[in-house]
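In order, the protein sequence lines correspond to chains R and G.
Under numbering that gives the first Met the number 0, think of the first position of the first sequence as 0, with each following residue one higher.
Under numbering that gives the first Met the number 0, think of the first position of the second sequence as 0, with each following residue one higher.
Simulated from the structure, these hints should not be mistaken for lab results.
Among these hints, one or two may not hold up.
[Claimed, not checked] Subject to a maximum C-alpha distance of 20 Å in a straight line, what follows is the list of computed PhoX-like cross-link-like pairs (lysine-lysine): (1) R:Lys92 to G:Lys518; (2) G:Lys583 to R:Lys92; (3) G:Lys467 to G:Lys408.
Each chain is listed here by its residues.
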Amino acid sequence: MSDQQTNEFKPFNVDVWKFDGHAGALIPLLQSAQDTYGYVSEKAIDYISHVTGIPSADIYGVVTFYAQFRTKPLGKHIIKVCNGTACHVNGAKGVYEVIQDELTITYDETTDDGEFSLLSVACIGCCSLAPVITIDGETYGRLNAQKLRKIIRDAKRQARDQAKAAAGEVTA
Amino acid sequence: MKTVTVGLGTCGISAGGEKVFKALQEELKDHPNGFILKETGCVGMCYREVLVEVTNGSGTGHLYGEVTPERVGRIIDEDVLGDKQIDEWLVSGDHREKGFFENQIRIVLRNCGKIDPGSIDEYIAVGGYQAIRTALTSMSPEQVIEEVLTSGLRGRGGAGFPTGMKWKFTKAAPGGKKYILCNADEGDPGAFMDRSVLESDPHAVLEGMMIAAYAIGADDSYIYCRAEYPKAVARLRQAIGQCRAKGLLGENILGTGFKFDIKVKEGAGAFVCGEETALIASIEGRRGMPRFRPPFPAQSGLWGKPTNINNVETYANVPWIILNGGAAFAAYGTQDSKGTKVFAMAGKVRRTGLVEVPMGITIDQIVFDVCGGIVDDKKFKAVQIGGPSGGCIPASMSDISIDYQNIPKTGAIMGSGGLIVMDETTCMVDVARYFLSFTQAESCGKCTFCRIGTKRMLEILERICEGKGTMDDLANLDELSDQIKAASLCGLGQSAPNPVVTTLKYFRDEYVAHIVDKKCPAHVCAPLLTYTINDQCTGCVVCAKACPTNAITGERKQMHFITQDLCIKCGKCFTVCRFDAVVKE
Ligand SMILES: Cc1cc2nc3c(=O)[nH]c(=O)nc-3n(C[C@H](O)[C@H](O)[C@H](O)COP(=O)(O)O)c2cc1C
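Pulled out of the complex, with its shape left as it was, chain R reads as follows (with noise of 0.2 Å):
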């Protein structure tokens, strides 16, 4: 890769690479690229590839064993389900259900117009308010159908006029 393209491509923050100079800096090297843009892009890897000398193909093997990872960028707001053990029992599958009403997405999806990513986490860590979800980082516990569909509706529109606004100012 030429210094050309390395300059094209803005780089995230590899000091890790620098401070270590070991292979155990790949994985943090990879949290530090999907930190910065959301995913791990193509030119992300072959830029590790190219600081690292590791393989882009071994790098890419990495990519897909670990979860955290992906390889494409989300929608604006993230809802999270939370399908530990206490959620399941007391009815994850149901909130799934509705959010996947509301939005016609399913787990790993994002909808059409780019605002929200649907994903399926293992614990959240509040058992004791399951179900729950969390929006942009937000729980939300103790849902039922009812309460959850409004809390999506409030999303959903509060999404709507955050995007009209953006549109606004851009035309103004």
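Since chain R is already given, all that's left is putting chain G with the ligand on it; use the hints.
Frame of chain R, contents of chain G with the ligand only:
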């Protein structure tokens, strides 16, 4: 002056703890010298979050539960400034909470919910870093190992290997450089013991690691922490920084010449990385696949060097053992399971949260005496212990003692401490399917039986849950279970069939009901349910509009009706009904 302390573990934050803390900060502006505001970790009473404790100058006080920002004003006015406790919000002294703390012995959780986890000084004030000082200044590494052997401490990560022995092996292994690893991957869904300890008392874990390092002769270490635990990672990094600043990590610790450092590695979301050889591969930057043992990490671990790996809770016990003596620890528990165990209680139990009880307690005692029994007084059906590698123990066996000898006899495992309580509304076939879908997705794919066998088992379970199973399926499940257990390299595959094996053993009639009667006795498996509308119906027509097959008929403001032949059991009517008028059975 009074002190007001807010529990800000992940559970407290999820329940709105930060908003309560902000409201208290606002109050503090109005009453600048009115009280001292502090934060702490997890008290264990997750079911009453947000928890706020008010203590007076002499350290006695009481705990309020379910605090909201709206309730803060009254707490400040009446209790903190007015000296009048608000009885109806009290948790401590509430007779309904009797037994929760009285039946616990807190060794691992000794500081959790008491001290500010962000303050090394508070940890030191309660005797923190005394144990490493004692070890470094008045004990030889052999004496430290001897003390841990006396305590009878066994690894709390699942397998229960004697900790002192592991240390002895690693110490004896040839090879100059040695490593210490702390396993904080806690991938079992429904378990949160390690997270709470890391968030509420990170220094206890660091001190345990230091003592292990001294005993073994290691000078370098990593804590491998789940990336899904951002708060725990932040707490660890902060605590490590404080130790370096105080000379408790680095060169020449406490002037004794002992040298040691700790780094944090974030996991990347793979359950199998909790397995020790996979964890090591992951730290080395590779795909986290387990490898054949021997050699065990004690001989050849991280970067091929002798490595001691223990679980978070295992390390957190160590400072207490050094300070109080191995014999004091061994005084708790049973013949071959000493000390205490922390359990994360979840599911259909009244008091969900974190409890620490002596080994050997019975399931009944923990569910009823400590945790107050089943929600809504429903019928207790089973506990699931050990997560995806564990099994379901029926209520009829709940007088069994929880220890490393008795739990495996049931077909379950002790595991790391997740305990899910199930009642009559939990379908055991669905639970088995749930755990298998987890292990199937998390299988790393190295061993054929684990990769493909679990997939076949899952397909069978899905069929049964849909009412399409046959009795032959049960025999196939048994056979596949045996094969997967025998032909898998690591604990993931070896234990993946356990949830199926135990439910088949104790709840076979539920499988048969699904297959032969096409019924789900717990009313969970949707395709086996019948939906009807009762007289709560107001005729709002919402369900009729939602029904994708037009199976629901009825006039506006008249009771509606579901034509069973047309119903595809999607459950839409049930989720949209606002009047509890749709019944599934
Ligand atoms: C699939 C699998 C997942 C595991 N996950 C964890 C885990 O999350 N935390 C843990 O401490 N041990 C876990 N273990 C056990 C570790 O391999 C190892 O036995 C343990 O960290 C040793 O520490 P201990 O002796 O203190 O228990 C897991 C094992 C297997 C097979």
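Here is what the structure says about each hint:
1. R:Lys92 to G:Lys518: holds, 19 Å
2. G:Lys583 to R:Lys92: The given pair, whose Cα atoms are some 15 Å apart, holds under the 20 Å limit.
3. G:Lys467 to G:Lys408: With Cα atoms ~32 Å apart, G:Lys467 and G:Lys408 exceed 20 Å; violated.
Going through the hint list in order, the structure does not satisfy hint 3, though it satisfies all others.
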